[in-house]
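Engineer: Since each chain sits alone in its own frame, please combine them into the complex, following the hints.
Each chain is listed here by its residues.
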Amino acid sequence: MSTDSETQARPAPDRLSPNQDEFYAALMAAHAGLSLDDSHALNARLVLMMANRIGDIQVLETILRDARKYS
Amino acid sequence: MAYEYQTYAFEPPPGLTGPEPRHKVVIVGAGPIGLTLAIDLALRGVPSVVLDDNNVVSRGSRAICWSKRTLEIFDRLGLGERMLARGVTWKVGRQFHGAQEVFSFDLLPEDGHKYPAFINLQQYYVEEYLIERARDFPDLIDLRFCNKVVDHREIDRFVQVEIETPSGLYKLETDWLIACDGAKSPTRERMGLSFEGQVFEEQFLIADIEMEHSPFGDAAVPERWFWFDPPFHPGKSALLHMQPDNIYRIDLQLDVGADAKAEATEEKVMPRIRAIVGDTPFRLDWMSVYKFRCIMLDRFVHGRVIFAGDSAHVVSPFGARGGNGGIQDVDNLGWKLAAVIGGQANENLLESYDAERRHGAEENILNSARSTNFMTPKTGIEALFRAETLRLAHNQPFARKLLNSGRLSLPCGLEGSALITPGAAQVAPGRAMVDAPLDGPHGASWLIEEVQGRFVLVGFGSVPLPEVAGVARIGVNQRNGDYPCFTARSGHAIRRYGSEKAYLFRPDGHVAAVFDAPDAASVAAARDRAMGAEMQSDEAPAPQREVTA
Ligand SMILES: Cc1cc2nc3c(=O)[nH]c(=O)nc-3n(C[C@H](O)[C@H](O)[C@H](O)COP(=O)(O)OP(=O)(O)OC[C@H]3O[C@@H](n4cnc5c(N)ncnc54)[C@H](O)[C@@H]3O)c2cc1C
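Going line by line, the protein sequences match chains C and X.
Here the first sequence stands for residues 1451 to 1521, numbered as in my numbering.
Here the second sequence stands for residues 105 to 653, numbered as in my numbering.
The following block holds chain X by itself, in its conformation from the complex (with noise of 0.2 angstroms):
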């Protein structure tokens, strides 16, 4: 059945009658950027506006792949079960070379985890969950539909917005507008700012399709299939997936010159289905043409605007690394936004969001470009190599290894970041946490849930643990800690992390610093550090290219 699209209702905004006192946080955007964030600052006990063009949710199923690491921090934010239930969780990927496999991946081979390695669930289905989760925050979450921002400006240290409703405009004022305004962000155009990056000339057919019958064929598992010169569209690539309620994703490589409009028809898309399906019915869904482009800022923090998600970043979908990315910089935003505004750190902690989440960005801007060029050669040097790369991946493991229809999203490692106390370590230092199982005082429990939304220490093995201010304990496989202490189970925790070792948690989950015997003064000092003491104040701690306006 297709998806019942609510509309939220639009309540006039106190600000169309009388001004509004200012306020700490403003989010410019109700997608899934925005609204995490609004949800991550809640549970911080920061408040926020969140102001949204529209009245309901993403149109069209766009991103369908969620990754471990959002299903992770959707977790923290109490929607990741809700999420996996609904979900259709898969976690391999075959390749096929016209009608022959020629190379599958396992991106999850393991047991042990909370979360799988990707669960399929439609871009309206996430945000839906999204909103009601806001709805849990009345006091501290106020989503606005119908407010379309149409400007901004940043006077002195505050940024005043003017918002078009149906019963008018309006200002606000805000400590921090936090840009969560998508791809075209407007909230960026206003500002001036350059976002070039390459640009992909192909057209990619995005199909979703509702049928009883599975296109895995008997099995029925769901998998992600990627064909290049498939027998049904040949010369081309495409791509299947599965989503709930029996929604399958198509996703077809068109020519360069394709016409967009003519493509984008049931006249053109049903016989390019009935090619792959054959005479199974269906009932086509939804579908869109793109083309894709990979582009970042040069900066995501300017003054008092902060852009997340794809305001900051766009990149083609192959490797599923824009949601993911976005809901990355969120998990990154959320607990520094939310120290500076309690005052608990300098402003120019915010300066390590803009590095480290333009680290993300760069890493998946270069594996989602590779994998776009990789499917689309762009001469017949390039198209050789990729012919006979596919010729030789029929037997050669170096040569299946090469080929790349997407390099899918992992969490983004964060070594060399300036709030990161070098270390040696099985997860390393500036590594997202990596999660295992525990039984524990109040029974079975995960890694990630004892472990994330604060700074915590964790002592594995018999080391034990000083008590530091603001600093949490947990101890895992000891017993004699004045703090909660758990047991490995199966020792998946001890083997992935190691015996006789601490570590320093960040809020976030990432690694901040690792200890064989942690004293106080050490892990405190690890702590500041984390928390930008060692930032400098009128410099950016990582090299900077220009910002061009």
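Okay, chain C solo, but in the shape it has when bound (with noise of 0.2 angstroms):
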């Protein structure tokens, strides 16, 4: 892992903050149960719903090339 900074993302504004908790708790809920392979199939369904939402092809490569850059 790199933690350099010119290797890393550009901060985003915050987005999720007064509810930030309650989204972590929701997140963890739905988790819940899950062996670690099903765990792993939900994330992706929640990306590509994510996804989904954003709709804008631009924003979402920033962010897949900006998620990377922290690997």
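Quick caveat, the hints were computed from the structure, so don't treat them as lab data.
Quick reminder that beta carbons are idealized off the backbone N, C-alpha and C, glycines included.
Keep in mind that the hints are not guaranteed to be accurate.
What the hints assert, rightly or not - Quick partial rundown of chain X residues pointing at chain C, CB under 10 angstroms, derived from the structure: (1) N471; (2) T493; (3) L496; (4) N499; (5) P501; (6) A503; (7) K505.
Structural biologist: Dropping the structure here:
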């Protein structure tokens, strides 16, 4: 992993707060009781459905690139 | 220096030799909640007997973080300034991932408040001061140490209590029994009330150490420091707080399967602390290993038996919502119980204590459970999300906000309660009052000092205030009233409450109603509503869950 600021994505504005804890708890609840494989599958579906919600291909490509920068 | 425990004398109570007249209020437990309630009632002229099974204050420092709201309530009880002077004031929390700071928060970024966001003060000091304050009311507070309640039963609108003392057993009768007997509440267990909720498997080591040199480094500013995966305790979390007397609280997450007995030995603890403080000399003051629970009763009022504090609800300590939540129970219960006993209100008013404080406890449980869940991922996938949140938190503001090491206790809002008259204002009806500095007839003071303890109608700006029985009046930034008038120092009060607005405060400082142009009839109606006038006699107001016996 690299935490070097040049390789990190640019900070995006925070749009989750003040409901961030509610979201995080709901996300964990969505995974509760699933096997690791099923959780991966759920994550994949979530990415696809959130992508559809976002809709904008340019935004999506930026997010994909940005998220990848942390690996 | 280690705290010197003094023992309080056992004095054989009159009940040992002959029946005592029926008491109005008997409080089980002289912890912070029971003692605070006795003082609150005494200030309203209501006598109580407080029974405690031992004769010393809290063993170990336990609760250390006392919130602004708690201090404001203690101010009303004549203790706030003493606690503030003795405590360590702080307001900034920092969160680290590994060795790197990722996020800090300031709990009170503005001035113009009598009390800070938090003080740290060991529970034994808090209880010691409460006992001393209780002794200011020798005619109203009958404090009985080494009086262990061993049985109770409700008969016909009164409760019979059986008590064991070093000199034998005796019985008492009381109109109201208030169970402030802590998380293991024998009163609750005797009644067979269900007390279930989330139990966390993780264990936490709590250690207090005394050291000259501040582990907060050169700046030595007391703050709340929290680490996810610190270099000195890999893979787990750690929390650091400063207390008075150069004592520091260290809180370390242990393995799920850790052997609690073995962990609470110097042999195990000293190396863990050395890993944090290095070669600096220190003295181990207190340590304990805990598992935490988030649990509450389905109902806090059971006939003539009322639960308050840990007997009614228990939370994990991240967020300091246990003791602070209990003090808010007392603030809510004291004036209502006094009004019922004094005949100014119907017994149904106590149903609103049940509804309002269950709401408060639910909020505290929700927040502390979320924090503890975040700290202790249960599955691979939870650990994965947590790890990636931490990774993103190094530069993404949204991920920083997701880091949850405790959402610290805030005053509970009572919007929607049956006692509250709906309305719109900067401080919305139901919310706890917000302090502000004033200049008045007797010099400088604070809004909390002028308002708390009784019904008060406060006019901000030139809104005239009608005279209503049982409602005191004060004006802020107005001149012509035939009641005490103040100016808003530095304009804080007007900025916080707006101008040309009147607020009716309940005795616990919550906003009961707001008015643009208050007339006597509408103020009286709001006061009556806050005293339970609209609560139905045979049914409880809030949606209720089944009581499981
Ligand atoms: C490690 C730790 C850290 C904490 N940190 C914080 C914090 O920072 N901030 C915060 O707000 N809260 C904190 N808490 C929670 C806080 O300590 C409790 O919420 C608080 O003590 C509750 O007070 P209480 O009076 O309801 O109960 P207790 O303090 O438990 O008091 C109950 C009293 O009842 C007595 N009693 C019990 N049975 C009987 C009987 N049969 N007859 C007579 N008397 C009886 C007991 O002896 C005791 O004196 C922490 C707790 C722990 C364990």
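Engineer: Checking hints one by one. Is X/T493 an interface residue toward chain C, by the C-beta closer than 10 angstroms rule?
Structural biologist: holds, 8 angstroms
Engineer: With a cut-off of 10 angstroms on the beta carbons, see whether X/L496 makes it to chain C.
Structural biologist: Interface hint status for X/L496: holds (7 angstroms vs cutoff 10 angstroms).
Engineer: Next item in the hint list is X/N499. Is there a CB on chain C closer than 10 angstroms to its CB?
Structural biologist: holds, 5 angstroms
Engineer: Answer holds if the nearest beta-carbon of chain C is closer than 10 angstroms to that of X/P501; otherwise answer violated.
Structural biologist: holds, 4 angstroms
Engineer: Given X/A503 as an interface hint, is its Cβ closer than 10 angstroms to any Cβ of chain C?
Structural biologist: holds, 9 angstroms
Engineer: For the restraint on X/N471, tell me whether the closest CB of chain C is nearer than 10 angstroms.
Structural biologist: holds, 7 angstroms
Engineer: Taking the closest Cβ pair, is X/K505 under 10 angstroms from chain C?
Structural biologist: Because about 5 angstroms separates X/K505 from the closest Cβ in chain C, which is inside the 10 angstroms limit, the hint holds.
Comparing the model with each earlier hint shows no violations; every hint is respected.
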